[in-house]
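Novice: Protein chains in written order, with our numbering: chain A, 5 to 362; chain B, -7 to 325; chain C, 594 to 1023.
Misleading hints may appear alongside valid ones.
[What the hints assert, rightly or not] Straight-line Cα separation of at most 25 angstroms, DSS-like style, residue types lysine-lysine; simulated pairs:
(1) C:K985 to C:K884
(2) B:K170 to A:K133
(3) C:K985 to C:K659
(4) A:K154 to C:K760
(5) C:K923 to C:K891
(6) C:K884 to A:K154
[Stated by the list, open to error] Stretch by stretch, here's where chain C covers chain B in the computed footprint (C-beta under 8 angstroms, at least three residues):
(7) 54 to 63
(8) 138 to 149
(9) 177 to 184
(10) 233 to 247
(11) 292 to 305
In short, the hints are calculated from the structure, not lab data. Glycine included, every Cβ here is placed at the ideal spot set by N, Cα and C.
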Amino acid sequence: MLYREAGDFKTSYRADQQTFPIRSERILFWAFIVAAFAVVPFFINDYWEKSVLIPFLVWSMAALGLNILVGYCGQVSLGTGGFMAVGAYAAYKLMTAFPEMNILLVIVLSGGVTAVVGMAFGLPSLRIKGFYLAVATLAAQFFLVWVFNKFPWFYNYSASGQITAPERLLFGVPVTGPNSPPWATYLVALTVVFVFAWIGKNLTRGRIGRQWMAIRDMDIAAEIIGVEPLRAKISAFAVSSFYIGIAGAMYFTIWFGAVEPTEAFGINQSFRALFMVIIGGLGSILGSFLGAGFLVLLPVLLKNLMVGQLGWATDIASHFEIMIVGALIIFFLIVEPHGLAQLWRLTKEKLRLWPFPH
Amino acid sequence: MSPDFLYFIETVLNGLMSGVMYSLVALGFVLIFKASGIFNFAQGVMALFAALTLVGLLTGQVPFAHLIHAIFGVEAQHWGAGMPALLAVIGTMVVMIALAFLIERIVLKHLVNQEPIILFMATIGLAYFLEGLGDLMWGSDVKALDIGVPSGGSFWWEDVTREWAAEGSDYFGMYIDKLDVTAAIVAAVLVVALSVFSQYTRMGRALRAVADDHQAALSVGISLRTIWVIVWSIAGFVALVAGIMWGSKSGVQFSLSLIALKALPVLILGGFTSIPGAIVGGLIIGVGEKLAELYIGPLVGGAIENWFAYVVALVFLLYRPQGLFGDKIIERI
Amino acid sequence: MKLAKLAAIAATALTIGAGPAFAELVFPSLSYRTGPYAPNGIPFADGYADYFTLINERDGGIEGNKIKLVECETGYNTEKGVECYESTKGEGSLVYQPLSTGITYQLIPKATADGIAIHSMGYGRTSAANGTIFSNVFNYPGTYWDAASIIIKYIASEEGGDLKGKKIALVYHNSAYGKEPIRTLEELAKKHGYALTLLPVDHPGQEQKATWLQIRRDRPDYVLMWGWGVMNQVAIQEAANIRFPMDHFIGVWWSASENDTIPAGEGANGYKAVTFHGVGSDFPIYADLKKHVYDAGKAAGAGDQAGTVLYNRGMVAAMWAVEAARTAMKIHNTKDITPAMMRDGMEALDVPESRLAELGLPNFTVPVKVSCANHGGPGLGMIQQWDAAAKKWSIITDLISADREVVDALIKEDSEAYAKENNITPRTCN
């Protein structure tokens, strides 16, 4: 019913190759996007902004970046927290050094800075593989956080070592700092994520994405058919870090407004991003969003349910929360080891035949 | 000998001792990875869970006391005077074996032949679950753990080493923690016992067969599932030992689960599949980071040992991508 | 889609959850009963809750207006802390105790914009003591810089007034919190002529061998500690192991609970720390607590924390909150106070010793008087010492005041830098 292909004919290669080949899916997608851009901003309040939507969008961005590296290029990385820190601190230094700079430009440039750092830390991947590489990227994680904690230049010599985002306007509306209206920060985050998810999707469908996947599936074979491992791996690290840097910049500027490196960008964040990618689905753009949704929204939902609705003691609720999340991770892996995105894909397959399966 | 040289020796010695403590954690990872190719993220949480259970049994805590109180309103914190240390250790071991059994039954059985990263993810789910369960069962306060492991600086060693310094220098002897020495002995015994077990027992041979080749082991009639339960039980035992050693130092509390982070550089340095690798890796990391912290640290502001350990590991890896003692990676098309 | 469905469920979960009843006075408690710092979070949260329960049960609320305590679990995590803040602020929350450096820094701009007061009692941003710039942030009765100065003053008095040529080492948690006292200690080093060694310990701090080998080698006369969580227990254990004289080892108030000293056993005997409130349960208020709260089965948590250091700290925080609410009621002549009124009440807070005695807390804490310009309170402290045999702390000094000259200059400098960076024009106070 929902996914009817009948009557959906393609008359050109272009139409056949598009991202959403089925018309009803296309309509659903655009309806969703329109709702996100044009409807949600009218209903959003502080709680939904700061605790639900912005966290979801920022983490989706980070998961997207990591998925490019892990899911498409097969290089497992645990340096996400460190790279997010690079993005955040780049944003802070740019904002304070050039107060006139447009905030969107700041965010994108921070991504650029992170890409350069990411490329440097990606070099060992040419020699080290699998879990060995994952643990080796932890060197980046610990080193970067240490650097931002140690050298006062990065936090403008403030006594506490915390960085605080000054207020910046976009079209006359504040989008950073405490006075920014929820819809404004939400729209900025949504726009950035939408644009880069779009780019990401097309990047992975194109030549460079295919090179990454060739490296992922078997690097030696890829090398033999003419994929240069250096270029493919380093470009994956660059693009991935670029995305993660943007996520870090948004994390600092429009979500929190003040961060401290040791907690905000600690090792937990690196693990969290990796969990999102695996739960959501490796090598899937949609999976990045589903994974972020699962790990960001589920705990909030469980908390509201157990504490808000059932009135349990907060500590018991929180112990149950983490147990339920853990159990659900295992459950989903058993049901569908390839992540939530694969689950969605299977559902779609079923829906296409429904209500008349063979 | 000049005091400066003695300080150097002292640093190296203490680095070796810290290294042994890391190795104790790394051993658990290696055992499971070797037998099943699973990178067990839950190893640290298992150590915490084992230590919590041990303290709970020692002091006679009622499990889930808080939950029971919240649901039934019954105030029951303790069920008695607790039990002697040996009994508590055995009791904890029974719990860990039961846990291994359940993990196999509920989780691993369904995930046979999946990719390593999926199995890794499953152990993360397990880590989350155990983290919540441990807290719910035994409460989240700091618990002192004392089962008679000696600790504190050794006077004897201090006196011996004081003699080594040149006459007239105000050298006051070398420091060594008795707990660390104990840990080193325990680790040595553990490694010897594990090697004997895997070399000379039927079970051990089956274990090595599985580690070598799952398919071949299955075809000669070794039950993979039994082996997994056994391996996870042994890993649980190693986790208990690590939990006791680290717990005696800092008290048993949530942070105990973070010791896994200390084991990771050891693991990649030594190789995921080698038990001697875990020990040697631990020693190298321990000495490396202590020397760095004491001799390079003051120049750059300190607290460098965390990332330095990874840098040491990284440098070794660039020469040997499979770790010092890891199985050689053979690439075929 | 899945997400839309999820959002719909969450939306219903939210709307039913939030039904603000404005007749009550809402005090949120951002507690952390889980995670690595839970051992410290539990007693504080229990003390905070039990005092409010006592006021409700014994007095029928503040001036007859009942208190509603809304607890929210942060796990000491900034993200969750912000979620807690956003989810509870709509209920008319009067004052926030963020209870973590990270969350405090988050909430300073947000709560100021929302017009809600923050009480970061002895933690958070030290320069928030400057009320002209931080209108909604209070950190009475003292700050980390006060603490550092008090400890140095105490050491000076122990050493007969002269610190010249002495060696002092600071072992600190390598984070914003741990780095707080460094600048003050450096300034004081210039003034008093002692040599300062800085020894950072990375989170979580289970492995401190290198730090303590260094201390053993350098033999500083005193070691100060700004530690947190497992770092405290390990540091005290290691100090005992190298046989550092424990009475020359002095911690800040967050490194000085029973949790920190008990695991080290006998070795911790003599360990000292600076504090701003009394220890133990030897105060008249405990009789009331027993009668109205514990025996009535209304104790928060497991009910086994009464009398511990952090329980008392939670209680003193609640006590000041209640007194501030009373002051606000007096100023605005209404019993139904708003967050803005609460802020005014905190700014006019005055709890002298006589009032403490009335409350059943004689000599329990330092007398506090807050003003428009000074949100940091008196900056007084005491030194407490651990007795391992009796397993309890005892206060060993009278009130010691901070070196105002040094601390105030630093506060002025830092707060003005903050004002400049964030375009805040200081208020004028008269």
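Novice: Now look at each hint and say whether the structure bears it out.
Specialist: Going through the hints against the structure:
no., hint, verdict
1, C:K985 to C:K884, "24 angstroms, holds"
2, B:K170 to A:K133, "39 angstroms, violated"
3, C:K985 to C:K659, "35 angstroms, violated"
4, A:K154 to C:K760, "23 angstroms, holds"
5, C:K923 to C:K891, "30 angstroms, violated"
6, C:K884 to A:K154, "52 angstroms, violated"
7, 54 to 63, "holds (count 3)"
8, 138 to 149, "holds (count 4)"
9, 177 to 184, "violated (count 0)"
10, 233 to 247, "holds (count 7)"
11, 292 to 305, "holds (count 5)"
Checked against the numbered hints given earlier, the structure breaks hints 2, 3, 5, 6, 9 and satisfies all the rest.
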